[in-house]
Amino acid sequence: MTRPRILLVEDEADIRRFIRLALEREGMAVFEAASALEARIGAASRQPQLVVLDLGLPDGDGKGFIQDLRGWSSAPVLVLSAREHEQEKVAALEVGADDYLTKPFGVPELVARVRAHLRRASLVSADGAAPSIVRFGAVAVDLATYEVSRDGVPVHLTPNEFRLLTALIRGQGKVITYRQLLLSVWGPGYSDRPHYVRVYMNNLRQKLERDPARPQHLVTELQVGYRLAGIHPGEATVRSVLERGLEACHHASVVDVA
Amino acid sequence: MPHLKSMRFMPWLASRASWLGRAWDFERGVVGGTPWRGLLPALLACGAATLLAALLLRVFDLSNVVILFLFTVVLVSLRWGRMAGAVAALLGVVSFDFFFVPPIFSFHVSDTQYLFTFTLTLVVGLVTGQLAARLREEAASAAAGEQRATALASIASQLSAASSVEEVQAVCAQAMAPMFDAQGYLWFSRHADMRTPMVEGFDEAVAHWVGEHARSAPCASVSSGAWYRYVPLISPMGAGGVLVWRGDALASSLGHEQQRLLEACSALIGQALVRIHFADMAREAQVRVEGERFRHTLLAAVSHDLKTPLTAIRGMAETLELADALPVGDRVAVAGAIRHQADALHRQVINLLDLARIQGHGVCLYPEWHAIGEVVESALASAAASLGERCIHVTLDADLPLVQLDAALFERVLANLLDNAAKYTPCDACVEVGARVHEGALHLYVEDDGPGLPAGVDAESLFAPFARGVQESAISGVGLGLALCRSIVEAHGGVMDAQAREPTGVRFAIHVPLHRPPMVEPEPQ
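Heads up: the protein sequence lines correspond to chains A and B, in order. In terms of this note's numbering, the first sequence opens at residue 1 and continues consecutively. In terms of this note's numbering, the second sequence opens at residue 1001 and continues consecutively.
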């Protein structure tokens, strides 16, 4: 297996150094860029499978780079940003970034995020058709039949709750902003009403999380949006548990990625 | 005078007096009006007196009837002033001569003694008329003066209560405007930010000229046809203040009284502005002094609490550099310690920056409707490293309403409280975070079962900046966290306090008022 190629865009040499060391220890090939211009050249010549991008670059902002990159590549982009710049983070996510880390961040956290996004990207590219059954924790969701179960017990979701859940599942662990969620669940007229998402998210947690006060899967990214953590395409076990027959075994395309 | 002596009771006087009472109106007198205004009423009054005299002549003597004309003169003077009174006196004599003195319907006089009667009547009429008119004018002017004094006193008291230029503007618009039947605005030629939005037709160039030259100017707007009057305000702050009046009542030149009233008002406003200006300056100076003191204390505390972890980090990093002989276990321990110190430093820097921002321009909130559970979740995530192995309980009611708050700042409050709990409790302590609705307020608490507050420490004193339970303890951290928390909670209209928890530990409680959350349309089924 070839080493995953990572493009690291960061103007601070010391930060570049420790990120590079950490990722190389994970067996990845890291290419560095210290400015937006170098990043564009690096992205074109190296064809990275993932980009780690600092938003504050000396020669222009990282958002423009993400927009350009999204024109021809679907490689995950992990944004590094300072705490004060919530709006920048949201804007970066909305132009196509996949996730963000707030400075200062821990190395284990960075490595975990990079690996998770690489895994997700390889899954999506290896298997174009998304599996119809998705599992996270004790919850199984059948996207084809709109059935949701927790610990094998069917859970009733309202249409909007299901749409919200599907939007998070489609993100495959990406951070999805309030606006994106509002657009895909309620439509353009609602994009300035983030409280809708918060109310429905609370309902989803009450129905799906083991401890709704400390959610493990429906994770809040405060003032940015939400993320579905611990997601993996599941085997077709939902239905057998539900004792609805064995026809679900025909979902041969389901991939396990343990 | 023989005529006066023989005068008898006249029954029409009563009805006449009641009419007089109804029509009597000192408020809108001849003061400031035109002198010719009363001529027509004088003419009519004389006509009426003539008709009445014709009726009375059947009963009374001719010599008594002349008194009726004198009485008319007095009434007309009282009601319409000197000129009308004089005209009434003249008309009365002429009418008496023409209609009643034989030969009737002729100005000829058969008996020369009537010439004496005419002259006397005219003189008495003119004199009493003038006296009555003057009485009336004085009464009117006294009433107007009293009214002016009352109005000025009321304006002065309102202005003395005003503590900002905006409030002076409000007094100007609400109290003074009705007095002049016009709208009043304040305008400052050198303080663009203090100007009120002006109505159409306001001429900035004129106002500017008035402000700079301190001379009053009446002016009509060409575009809107409205009348303006620009009055300069005397103010030492050199703001070039101008009081702008707008109203059709200003079209004619103002009467003497009105003019004086306007000047008095301008002077009052000028004084109020001066007072506000100096009060502001005093307050600013006070704030500056407090700020200096705060900065001094802050610097002292910061230099200690920031240098300590920096020294540790630097020393440990140098130890690692020369780590040839260091066993692997020690190396890992030193690196871990560097990370801990860096985390502590990071938290302090965040608190310092937040506090500096709040001290700088007050708490600037970006409130939105949030689920408090999500804020708790984020705070737990950001304090996860410092909480370590401590057991955490989260108790949130399932049906908590949305709360309007600035999530980023509130997360700082909870994260600080959790960091605090971690800092002052042993590693096996339990920390509980909870939220519930109680009596229309959101009740949030963070408590631990650690050693609690040291003996002799007042819980309230923890919230003063740089306070710490144990002075100069080994635990670092500028005592900013709780001061910051309290400012943030108070900016949300809430209260925050600390209590000892039974049997051991501390409980920090926050109450935030709840408002009606926005509607969420129910889903169509």
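Warning: the hint list may mix true and false statements.
[What the hints assert, rightly or not] What follows is a list of derived Cβ distance ranges for each label pair:
{"hint": "1", "chain 1": "B", "residue 1": "L1326", "chain 2": "A", "residue 2": "K103", "range": "25 to 31 Å"}
{"hint": "2", "chain 1": "A", "residue 1": "G230", "chain 2": "B", "residue 2": "H1304", "range": "39 to 45 Å"}
{"hint": "3", "chain 1": "A", "residue 1": "S184", "chain 2": "B", "residue 2": "R1283", "range": "48 to 54 Å"}
{"hint": "4", "chain 1": "A", "residue 1": "H85", "chain 2": "B", "residue 2": "A1381", "range": "51 to 57 Å"}
Hints were generated in silico from the structure; no laboratory data involved. Even glycine gets a Cβ: it sits at the ideal position worked out from N, Cα and C.
Here's how the hints hold up against the structure:
1. B/L1326 <-> A/K103: 25 to 31 Å: Holds, since B/L1326 and A/K103 (Cβ atoms, about 30 Å apart) stay within the stated range.
2. A/G230 <-> B/H1304: 39 to 45 Å: About 44 Å separates the Cβ atoms of A/G230 and B/H1304, which means 39 to 45 Å holds.
3. A/S184 <-> B/R1283: 48 to 54 Å: This hint holds: roughly 52 Å between Cβ atoms.
4. A/H85 <-> B/A1381: 51 to 57 Å: 19 Å, violated
Checked against the numbered hints listed earlier, the structure breaks hint 4 alone; every other hint is satisfied.
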